[in-house]
Amino acid sequence: SVLLYQKPNRDICQSGTSLKIQCVADSQVVSMFWYQQFQEQSLMLMATANEGSEATYESGFTKDKFPISRPNLTFSTLTVNNARPGDSSIYFCSSRTGGYEQYFGPGTRLTVL
Amino acid sequence: LAKTTQPPSMEAYEGQEVNVSCSHTNIATSEYIYWYRQVPHQGPQFIIQGYKDYVVNEVASLFISADRKLSTLSLPWVSLRDAAVYYCIVTPQAQGLTFGLGTRVSVFP
Chain P
1 SVLLYQKPNR
11 DICQSGTSLK
21 IQCVADSQVV
31 SMFWYQQFQE
41 QSLMLMATAN
51 EGSEATYESG
61 FTKDKFPISR
71 PNLTFSTLTV
81 NNARPGDSSI
91 YFCSSRTGGY
101 EQYFGPGTRL
111 TVL
Chain H
1 LAKTTQPPSM
11 EAYEGQEVNV
21 SCSHTNIATS
31 EYIYWYRQVP
41 HQGPQFIIQG
51 YKDYVVNEVA
61 SLFISADRKL
71 STLSLPWVSL
81 RDAAVYYCIV
91 TPQAQGLTFG
101 LGTRVSVFP
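Line by line, the protein sequences give chains P and H. First residue of the first sequence? That's 1 in the numbering used here, and the numbers climb one at a time after it. First residue of the second sequence? That's 1 in the numbering used here, and the numbers climb one at a time after it.
Simulated from the structure, these hints should not be mistaken for lab results. Beta carbons are placed, not taken as given, at the ideal position from N, Cα and C, and that holds for glycine. Mixed in with the good hints there might be a few duds.
[To be verified] Derived DEER-like restraints, expressed as beta-carbon distance ranges:
#: 1; chain 1: P; residue 1: Y5; chain 2: H; residue 2: Q95; range: 20 to 30 Å
#: 2; chain 1: P; residue 1: F38; chain 2: H; residue 2: Q93; range: 22 to 32 Å
#: 3; chain 1: P; residue 1: S53; chain 2: H; residue 2: Y51; range: 23 to 33 Å
#: 4; chain 1: P; residue 1: T17; chain 2: H; residue 2: G15; range: 48 to 58 Å
#: 5; chain 1: H; residue 1: S9; chain 2: P; residue 2: T111; range: 25 to 35 Å
[Claimed, not checked] Now the stretches of chain H that chain P is said to cover, found in silico as 3 or more residues with beta-carbon under 8 Å:
#: 6; region: 42 to 48
#: 7; region: 94 to 103
[What the hints assert, rightly or not] Computed cross-link-like contacts, DSBU-like style, restricted to lysine-lysine with a CA-CA straight-line distance of at most 30 Å:
#: 8; chain 1: P; residue 1: K7; chain 2: P; residue 2: K65
#: 9; chain 1: H; residue 1: K3; chain 2: P; residue 2: K65
#: 10; chain 1: P; residue 1: K65; chain 2: P; residue 2: K20
#: 11; chain 1: P; residue 1: K20; chain 2: P; residue 2: K63
#: 12; chain 1: H; residue 1: K3; chain 2: H; residue 2: K69
#: 13; chain 1: H; residue 1: K3; chain 2: P; residue 2: K63
Chain P on its own, in the form it takes in the complex:
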């Protein structure tokens, strides 16, 4: 299994600002994924990040709004640019090793005022 750590675990920011969410794995992982979850709703896949390549974004999510970096096999960052109240949600990173299951971080709860 893989342990994922996210920082910060929660954040409050003003509209129009940008913030970064970090995800660190305790071992090297093949792929990292980012998900968004609004309150009382299901998780939505935002993007897939593989080491050394550009992240692949799902419909409704863009690189300009949610740039993702994956500089090595244990680390990824998600940035929320020009944050708006509608971006207030929980952001989860997850990873997949060589196996089939994904492991999820504890989430970062973002509130945009």
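Knowing the structure of chain P, use the given hints to seat chain H on it.
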């Protein structure tokens, strides 16, 4: 990607067995069946995965119908800690997960 249909909610008492069904009538041959659960304020947790027949691990068992259009997650002897939203996900391996609405399982003492 195949769409899944699950009951919105289920209830059980501690010690009972809970069976959560999932319909995936358009499942492709490349797709596997995954079950995750999420308790409040935590990320989803992998439970079990299968392709066909019957799979069992230390947490749960998974029965998949012969035509692979229906699967049932079985949780033996549920406790209060098993109260969660259970998600059935059908997808090829190695891809990101598409979460549906899930089944909210409530457990009563």
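Verification of the supplied hints:
The supplied range of 20 to 30 Å is met by Y5(P) and Q95(H), whose beta-carbon atoms lie about 24 Å from each other. Checked against the hint of 22 to 32 Å, the C-beta distance between F38(P) and Q93(H) comes to roughly 28 Å, which is consistent with it. S53(P) and Y51(H) have their C-beta atoms about 28 Å apart, which keeps the hinted 23 to 33 Å range intact. Judged by the Cβ atoms, the range 48 to 58 Å given for T17(P) and G15(H) holds: they are separated by roughly 50 Å.
A beta carbon spacing of about 28 Å between S9(H) and T111(P) agrees with the range 25 to 35 Å that was offered as a hint. Here the region 42 to 48 of chain H counts 5 residues with a CB under 8 Å from a CB of chain P, which clears the bar of 3, and the coverage holds. Beta-carbon proximity to chain P at under 8 Å applies to 9 residues in the region 94 to 103 of chain H; the threshold of 3 is reached and the given coverage holds. Straight-line distance between C-alpha atoms of K7(P) and K65(P) comes to about 19 Å, which keeps the hinted pair within the 30 Å bound.
Distance restraint check for K3(H) and K65(P): the Cα-Cα separation of roughly 28 Å lies within the 30 Å cut-off, and the hinted pair is therefore satisfied. Restraint check: the Cα-Cα separation between K65(P) and K20(P) comes to about 12 Å, which is no more than 30 Å; the hinted pair holds. Pair hint K20(P) plus K63(P) holds up; C-alpha atoms about 14 Å apart against a cutoff of 30 Å. For the proposed pair K3(H) and K69(H), the alpha carbon gap of about 11 Å is at most 30 Å, so the pair holds.
Distance check on the hinted pair: K3(H) and K63(P) sit about 27 Å apart at the alpha-carbon level, within 30 Å; holds.
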